[in-house]
Amino acid sequence: MTRLTGGVIDHETALRFTFNGKTYSGRKGDTLASALLANGVQLVGRSFKYHRPRGVLSAGSEEPNALVTLRGGAREEPNTRATVTELFDGLVARSQNHVGPLHRDVMAVNDLLSPLFASGFYYKTFMWPRAFWEKLYEPLIRHAAGLGRLSGEADPDAYDKGFLHCDLLVIGGGAAGLAAALAAGRAGVKVILADEDFQFGGRLLAETHQLDGMPATSWVTAVMAELSGLENVRLMPRTTVFGAYDHGIYGAVERVSDHVSAADGEVRQTLWRITAKRSVLAAGATERHIPFPNNDRPGIMLAGAMRAYANRWAASPTRHPSDPVIIFTNNDDGHRTATDLLAKGVPVTAVVDPRDDAPTFGAYELITGVVDDTKGRLGLTSVRVTQNGQSRWMPCGALGVSGGWNPNVHLSSHHRSKPVWDEALLAFVPGKDLPNGMIVAGAAVGQGTTAKALRSGMEAAVSSLAALGISAERIDLPDADDTAAAQTAFWHVSRKGRAWVDFQNDVTVKDIVLAHQENMRPVEHLKRWTTLGMATDQGKTSNISALAVMAELTGKSLPETGTTIFRPPYTGVTLSVLGGGDTGKHFRPTRYTPTHQWSASQGATFVEVGAWLRAQYFVQPGETHWRQSVDREVLAVRRGVGLCDVTTLGKIDVQGPDAAEFLNRIYCNMMGTLAVGRVRYGLMLREDGHAYDDGTCARLSENHFVVTTTTANAALVYRNMEFARQCLWPDLNVSLISTTDAWAQIAVAGPNSRTLLSRVVDGFDLSNEVFPFMACAELTVCGGLRARLFRISFSGELAYEIAVPARYGNALMERLAQVGADLGATPYGTEALGVMRIEKGHAAGSELNGQTTAQMLSLGRMVSEKKDSIGAVMSRREGLAQDKRRLVGFRPVDKSEAIVAGSHLFTQGETRNTTTDQGWITSAAYSPHVGSSIAIGFLEEGDARMGEVVIAANPLEGREVRVEVVSPHFVDPEGGRLRD
Amino acid sequence: MLIPHPLLGLRDAQEFTYLGDASLLNRPDASSPDAAVAFYDYVYLRDNPAGVHRELWFHEQGDRSWLIVTRNTLTHEILNAELAFKSAVKSEVLA
Amino acid sequence: MRYSGFRVIKEALLGQKGWRPLWRDPEPQPRYDYVIVGGGGHGLATAYYLAKTFQKSRIAVLEKGWLGSGNIGRNTTIIRSNYLLPGNEPFYEFSMKLWENLEQETNFNSMVSQRGIINLIHTDAQRDAYRRRGNAMLFAGADAQLLSPNELREMVPFLNYDNARFPIKGGLLQRRAGTARHDGVAWGYARGADMRGVDIIQNCEVTGMRIEGGKVLGVETSRGYIAAGKVGVAVAGSSSRVMSMAGMRLPIESHVLQAFVSEGLKPVIPGVITFGAGHFYVSQSDKGGLVFGGDIDGYNSYAQRGNLPVVEDVLEGGMALMPMIGRARLLRSWGGVMDMSMDGSPIIDRTSVDGLYFNGGWCYGGFKATPASGFAFAHLLATDRPHETATAYRLDRFARGYLIDEKGVGAQPNLH
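Protein chains in written order, with the working numbering: chain A, 1 to 980; chain B, 1001 to 1095; chain C, 2001 to 2416.
Simulated from the structure, these hints should not be mistaken for lab results.
No farther apart than 30 Å at their CA atoms in a straight line, the calculated lysine-lysine pairs in the BS3-like style are these: (1) K344(A) with K22(A); (2) K884(A) with K2407(C); (3) K375(A) with K2017(C); (4) K49(A) with K124(A); (5) K496(A) with K2017(C); (6) K2017(C) with K124(A).
If you're wondering where the values come from, they're calculated on a predicted model, not measured in any experiment.
Work out the full structure: start from the sequences and follow the hints.
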């Protein structure tokens, strides 16, 4: 154990956890990383490419090394950063990306072969023989690549998403963020304070600074107590604001129950879309390291992290309490680690600092020089220190490295604002054109001392509120340290050997040198050629060092060499939470028809039609194959009477003195001349002249029409009609409303339909004379229920559609079935509906697929020349007008063969390829009426080829059928039945 | 994105359906001799500016009004939003 | 310098000292016979084939940023030839054949990986439509296979078969489809073109066109005027901006498409899978990241970034389709500007200005077309005749009504 005293952990509450099967004890307040360190565990993982042994590098979300697989079974969570994993009792973690035990990874052979694996090597080889890429090389690479493993099981946890609104969003709860939240909170505005950590305080928890002469943690405690008491402040710990989107919307993930062993029904994580009038980005800074040979051994960590582990978590970085610690830093801040660790009783033997004028802050040896090599394969044992050309090996159990700090500007550049170089800070700071309303404060904008962070946070809040017209009072800030840490531009140690820049992806200084040699110099080429910065930390710990090395090679300045723009997310976001839990059946809402319950009681099988669930067919006792049910339903309609819920078809009410003129312009055919009480078939074109949608239009009164659309286009046609009304012809006095959901509509079809309907209408004369084919009326049924009746037919039989207010749909269906029992009233579903419309040659979705024209549908004459309408002009273009494909019917020459939709049509004896293709089968079905398979489809000059035998070829399924071209009207071509 | 609906205030863009360039308001006269060319231009050709763009949005999950939104395609900043109906009436009157 | 496994071993032993730059950084010459505007995949491929296949010289590629910085630098790397319409399918199949020999052709491993693509089927009507498409692919000489639910389950057992809102009823498989390492494609062509004398000029933005008497004379650039015999424009999302310099309006809108990659994972997804009832497609890179995408954001944009609703929409689809990916994490998202054409298909054609040629309108499917687009554009530039597989990609097809509208949604770019 290397547990120290003090810190912000609860030493009294022990938590048991296992790592690689071994049980350890941590403390409440630990992260997995701090608990492992406190147990003397340095080796925690393996690198991506060379499988180098690796230890904890950082104390935050930038961690590239300490990635573990958390939990087990379906809850297994790969690539989890131990440094931000809040310890809980019973936590189970395993290291990943190794074959065999962690300390004897077989794949470490890659490290010996590393000269072969120089950056970009794979672009230069594995090309011969061609077929070996998929068969041999790629599987080997894929097997070796990747980090953790998915369990392969569905994520069993619950997720949620929600919206939040505030005046001020404060991102980051360190010194700057707390000052901002406190100032805004006291001003009474709505504040959200979010921090990725489970404790607010940021670096204040990790430092030994004093505020007003008291430990900083006391101030944090007091501020948090005050903020918790403010109703206008929402505190969101464990919440990562991962992206800045347009117009002040921020994406954030709250880890609601990741810190407990079992969620107990609570959601695991919540996706918040936070709409903030203003925001303060106080995300702090990330320490960078200094590349030097063999700088990647377990036990080498960022100096600031080492300090955080000692101060906040009371964890020493070494395996044994007596192991000496050395610091390698190019700045004063690194020295703080030495003094803080010494104060905790950790033996710090030396601080190595390349600066000639480096000061000493405590009782340690100051060596003016560099660390340029290390030993200790599975854990650091010694480091080589070179001073004035003299080198010596010094025993060392842990090395803290500090190369300065990079402001966490990420969210400030999510709108593609380029960070700018600050030569004094030796770092990129936020540039111009930040996301609207964002002010950056604290270390994130280089205001890194505690005093400056507090002040800039408060000022950011005051300015933010001022921009909203709210004057907020400045708060009293505690006295705090304001000593800027001096540093020098010392970027890496030049010496033979591999010096890691990107730890996870194993990119070394040599790789950057090679990229330079091969002219992969623009920063994006450098990244892509070497994979630098593309690991799970997205370059947080490596990008600037790499730029500095490249700048040195090109002789350009660092900002000339390049900057990196950051894109969301700031840190990895669980895919499940972005999906928000809308999985399985909840992926999309389900729309039920008004008669759904009744249909279910009648044995319906349902089918998805867009968002709707419709009855597909009704299985009766004894029926074992769906075709039996469908054939029975079809014959029942053709011989008796059938009932089908057709509510899903779109219904649009069109009212007003100019309704007739409006519809003339919407439909390609004349609609204004429609008589009151009559219905007409209508075809709509798109403005580009192609067929769009068809349906009926009923004129209920002089100024009142009801338009029906296909199910698929219900919303779209309404949208287009509103566009025409509001944008194209605002002078027309017409109003529109979609009533698809308001009216239940039932098709009553078949020779007995009139008789059946006569039993429910309230004294309405259904005779052919009074209510002929294509008539419509408003009436009452069942003793006073408001209804609309349309004598229209999709099946080709005598048929009606009756509409009643949606809530009466189910009751009407029950009534019709009940009073029609003796007439053979039979429910039928979409399959029978589809068979009958093919028998009748009616176009549906497969024919109205957006690629076809009125002419192709043999409806060309409907496009009126007498008036303008949507699409009329463009329908006359050469390419459309000269298209000779026509919708025709097909019958198999051999009646026992089945035609399949999607088959392509070819002239007999012709070779078959793209250029000889003559058309395709759009819809096919078995027709119980015809007694064979039938089909409709588009055929070149089809209308002139009646009687010709062509080939319906379906090589995809190894089939072809000889088919005869026939009229698409297989049933009652003269239309006598529907007019009787 | 948030769209400042002239009647309803700031509304989430998810409530809207996007159509495109507001030039779609200016449907050509089908009876003019150059109707074929004018419609080709109307239906297919776009300025597609990198910068300020007047465009049509439909408040489909809302009050079902069509809006003309003036938005910068480089920054997504919204400069103005007005009812297309009013604008269309106005332009007819002016014509 | 020839790349090979032998060379890699030799250089490993010699300390990597022998590797040469992949391409030069030449100063622009005052005049070229061919100036290609746009150093993305299509522009680089065009220059490569102009030099290699059509034996032309004095060729420059002008790139405003770094080569490969366009959509070739950020896409979901899918290659396929599973189109329906006769205007498209032969072209994309030609592209697929070029992909199949690309590495041997350019001596650069672009990691073309024919791991297959599956388009899932959720309804009977969708099966009919895919049957029509699969047959169209076969008649054009491509490969296609209709998968039964059982065959599908065997290939990709991890989909949500048992509790899906939209049941999975099979799939259309193209085995020869797959992925390629997108940067590697740009680099392979760039290196190949450079070796054949093409000047690839980076950080050279075209700011104007010099046109006299209906003929293009050259281009103004941020690095000075460059005279040109012929100018070929292949600038994807910037098409309208560049062609407006020649006074042209295009049947194109620029839209943003987001794409996503997860943290690295051990192999779990074998090929490319496309959801048919939501907007989601996914593959896994050789490095282990799940690479996925969905719909475009849907509004005109040059911002190269998108918004959260589409991120959510894509992941809703992803989680509905394969709930086993849920505990992985999104690592990075990016947004590219897509040249969405009015019928969803591209344009490779001459223009009304003599000597000015246009290649664009690729929507978000340009990557897979890279080899054929380059070849066909080079063919057009070199011979003034369209390549046989690209005859339908005319600029006047919109006026004349010969549209290539795979989705059947008409003149609304954000729906293609």
